Amino acid sequence: MNLLNYTLKYLAIALFGIISIWAVIFYMNMLDEVYDSLDDGLDNYKLLILEKVEEDPATLSRTDFSEANYEIREISAQRANQTGQVYQDTLMYMLNEEDLEPVRMLTTAFIHQGKHYELKVISSMVEEDDLIEDLFYSLFWLYVALLVSILLVNNFLLKKVWQPFYELLAQLKHFRLGKGQSIEPADTEVKEFKELNAAVKGLVLHTLDTYNSQKQFIENASHELQTPVAISINKLELLAEKNDLSESSLESVGQVIRTLERLTRLNKSLLLLSRIENRQFEDTEQVSFNAIAKQLISEFSDFAEYKDVAVSLHENADLGIEMQKDLAVIMISNVLKNAIVHNYKHGTVDIFIESDSLKISNSGAQQALDPDRIFSRFYKNSTDNGNTGLGLAIVKAIGDLYGFQVGYVFDGLHVMSIHFK
Amino acid sequence: MKLLIIEDEKGLREVIQESLEKEHFLVESAGDFRTALDKIVSFNYDCILLDIMLPGGNGLDILQELKNLGKSDNVIIISAKDSLDDKLKGLNLGADDYLTKPFHIAELTARVKSVLRRKSFDGKSTIEIANLKLDPDERTLLINDQPLLLNRKEFDILMYMVVNKNRLVNKTSLAEHVWGDHMDEADDYEFIYSQIKNLRKKMRDSGADVEIQAVYGIGYKLVQP
Numbered sequence: 001m002n003l004l005n006y007t008l009k010y011l012a013i014a015l016f017g018i019i020s021i022w023a024v025i026f027y028m029n030m031l032d033e034v035y036d037s038l039d040d041g042l043d044n045y046k047l048l049i050l051e052k053v054e055e056d057p058a059t060l061s062r063t064d065f066s067e068a069n070y071e072i073r074e075i076s077a078q079r080a081n082q083t084g085q086v087y088q089d090t091l092m093y094m095l096n097e098e099d100l101e102p103v104r105m106l107t108t109a110f111i112h113q114g115k116h117y118e119l120k121v122i123s124s125m126v127e128e129d130d131l132i133e134d135l136f137y138s139l140f141w142l143y144v145a146l147l148v149s150i151l152l153v154n155n156f157l158l159k160k161v162w163q164p165f166y167e168l169l170a171q172l173k174h175f176r177l178g179k180g181q182s183i184e185p186a187d188t189e190v191k192e193f194k195e196l197n198a199a200v201k202g203l204v205l206h207t208l209d210t211y212n213s214q215k216q217f218i219e220n221a222s223h224e225l226q227t228p229v230a231i232s233i234n235k236l237e238l239l240a241e242k243n244d245l246s247e248s249s250l251e252s253v254g255q256v257i258r259t260l261e262r263l264t265r266l267n268k269s270l271l272l273l274s275r276i277e278n279r280q281f282e283d284t285e286q287v288s289f290n291a292i293a294k295q296l297i298s299e300f301s302d303f304a305e306y307k308d309v310a311v312s313l314h315e316n317a318d319l320g321i322e323m324q325k326d327l328a329v330i331m332i333s334n335v336l337k338n339a340i341v342h343n344y345k346h347g348t349v350d351i352f353i354e355s356d357s358l359k360i361s362n363s364g365a366q367q368a369l370d371p372d373r374i375f376s377r378f379y380k381n382s383t384d385n386g387n388t389g390l391g392l393a394i395v396k397a398i399g400d401l402y403g404f405q406v407g408y409v410f411d412g413l414h415v416m417s418i419h420f421k
Numbered sequence: 001m002k003l004l005i006i007e008d009e010k011g012l013r014e015v016i017q018e019s020l021e022k023e024h025f026l027v028e029s030a031g032d033f034r035t036a037l038d039k040i041v042s043f044n045y046d047c048i049l050l051d052i053m054l055p056g057g058n059g060l061d062i063l064q065e066l067k068n069l070g071k072s073d074n075v076i077i078i079s080a081k082d083s084l085d086d087k088l089k090g091l092n093l094g095a096d097d098y099l100t101k102p103f104h105i106a107e108l109t110a111r112v113k114s115v116l117r118r119k120s121f122d123g124k125s126t127i128e129i130a131n132l133k134l135d136p137d138e139r140t141l142l143i144n145d146q147p148l149l150l151n152r153k154e155f156d157i158l159m160y161m162v163v164n165k166n167r168l169v170n171k172t173s174l175a176e177h178v179w180g181d182h183m184d185e186a187d188d189y190e191f192i193y194s195q196i197k198n199l200r201k202k203m204r205d206s207g208a209d210v211e212i213q214a215v216y217g218i219g220y221k222l223v224q225p
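So the protein lines, in turn, are chains H and C.
Going by our numbering, the residue at position 55 of the first sequence is 55; the numbering climbs one at a time, nothing skipped.
Going by our numbering, the residue at position 154 of the second sequence is 154; the numbering climbs one at a time, nothing skipped.
Zero decoy hints are in this set.
Label-pair ranges, simulated between beta-carbon atoms: (1) C/K10 x H/E354: 49 to 57 Å; (2) C/V223 x H/D356: 53 to 61 Å; (3) H/L169 x C/D85: 40 to 48 Å; (4) H/D318 x C/I129: 43 to 51 Å; (5) C/D181 x H/E192: 52 to 60 Å; (6) C/K165 x H/K294: 30 to 38 Å; (7) C/I129 x H/H314: 44 to 52 Å; (8) C/K10 x H/D318: 47 to 55 Å; (9) C/V223 x H/D283: 44 to 52 Å.
Straight line, CA to CA, 16 Å or less: simulated EDC-like cross-link-like pairs of lysine to aspartate or glutamate: (10) C/K197 x H/D302; (11) C/K165 x C/D209; (12) H/K268 x C/E176; (13) C/K67 x C/D97; (14) H/K294 x H/E354; (15) H/K159 x H/D187; (16) H/K160 x H/E189; (17) H/K235 x C/E14; (18) C/K10 x H/E224; (19) C/K221 x H/E241; (20) H/K242 x C/E21; (21) C/K165 x H/E241; (22) C/K165 x C/E107; (23) C/K89 x C/E65; (24) H/K396 x H/D372; (25) C/K153 x H/D302; (26) C/K153 x H/E305; (27) C/K202 x C/E154; (28) C/K201 x C/E154; (29) C/K153 x H/E299; (30) H/K325 x C/D181.
Example chain H residues on the side facing chain C (calculated, C-beta under 10 Å, incomplete): (31) I231; (32) E247; (33) S252; (34) G254; (35) I257; (36) R258; (37) F300.
By construction, these hints were calculated from the structure, which means they are not laboratory data.
Because the structure is a prediction, the values reported are computed rather than measured.
Note that beta-carbon positions come from the ideal geometry of N, C-alpha and C, so glycine has one too.
In isolation and in its complexed conformation, chain H is listed as follows:
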């Protein structure tokens, strides 16, 4: 439910209550005023009749309303004393309406030449049901008119007044960490929006700051670790060169060197990942994936031969993409390396180059990998120690950098695909 409908809902309920109460009060006040006015009229009429009685005693014989609107009857003194002056509502047959209609009737008593008379004066009255109906309709239309005008005004106001809010919202919707964006709120005169803009901007800047320093930290840490690890490896190599080591000691040294080399690879991969995410690969060129695939197949030929895996290239199109060349090579070599490593003897690796995509399929374990997790960092399906678990994360990071779709499916073969758009 958007803001417009939300406010309208509450306004509609509130207005309904207010208008209903107001209608009752208005109706009663109006009726009161009508009665007051009628009663004044009747009173005045009474005085006129009394004057007429003085002039024309024949009037006293008008004991029936008929065409006039009063009647006079002689009554006992005792009853006259009880009568006083009474206004009341009653019903009377109206010729024009052919029905009983409400009338206001004044009943009073007077003395004429020592005799007591009762005087009844009537006045046609408002038809209450008609009044209520009229009132109801006019209030109903008022209600509708109010809602419609509120809807229109609100709509306009929301668009105009809330414009900075919606602008901010749109920017926040598209905001992604690590995409090098910042938030630029629209100028506004409204204090609350100013505060909101400032608060959001502050929050975003702080988040970006934290994110960047985290990334910087990873990069610096990897960078700083490189040299000490390299020195350690070199020192161990120098140690192994001394001929006074026993074979078992050499074996231990070799194990430590291998472990440190794994650390070096891990470090290198982490460094590469953060450099990709920090967008430190800027210079792009038209990269031919056909050429890269051929070059990498030749580089990996000894390794593939050793693993007894047949690598074949199927060029169905020329695939040229504008990107950083090293990253293109890393992307393909990581997938290719995986395809060769996670294979079995006499296995196959096929590289398909289409006009907008590249697929590498390989034989291997007859079980699909988890497509949601294989591209995440440090995901390892095997216990292979040489594997850093970062190769495919790097492929994904490069894909994300350039907006390529990197995917995996298993259909008996493991198929990695990169869709370039």
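Assemble chain C onto chain H, guided by the hints.
Same frame as chain H, now just chain C:
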């Protein structure tokens, strides 16, 4: 042969120094900008290893100074930054080579020897060891003056082992030198073994007086029995 190492990281400087001294070079070192500048002005070196990031100044300024002195052709830049910009600047200032940290000492030794070879023999050089004669430019191998045909990788392996003769060459270092950087993570480089095996067989059949020994779990060593 006198070498100068300009490197601020003490551990690395010591390892390089120790390793190069094993190759019977005379090695001096400088740990900061000022010392380095003093040394290059005062002495002549056959090869200078130059770090770009130094306390007290930029290694590229030292290179500029060397260029002004006409001594910049034997410099190998060793930089922690894999920066194309620095590399181009360095090479434009006359540096001979550019090596990104971290590197294998065997790789550094090979590069140093390559610089020295070019310098000593005016770019024309053959390496002789026992009854082997290697020509790195022509990529030919003579054993007892008889040519032995090696494929590209076998030649690269042998060349790398020869310049690091009697030294332990790490498998990783060998793989990166011969097969390039993309071969890491590849099953502990066991695939290198089959190449070495072929090379050994060819050399044995031709009567070579050197031997490539496996050093358990670490790598290989070329020795002259």
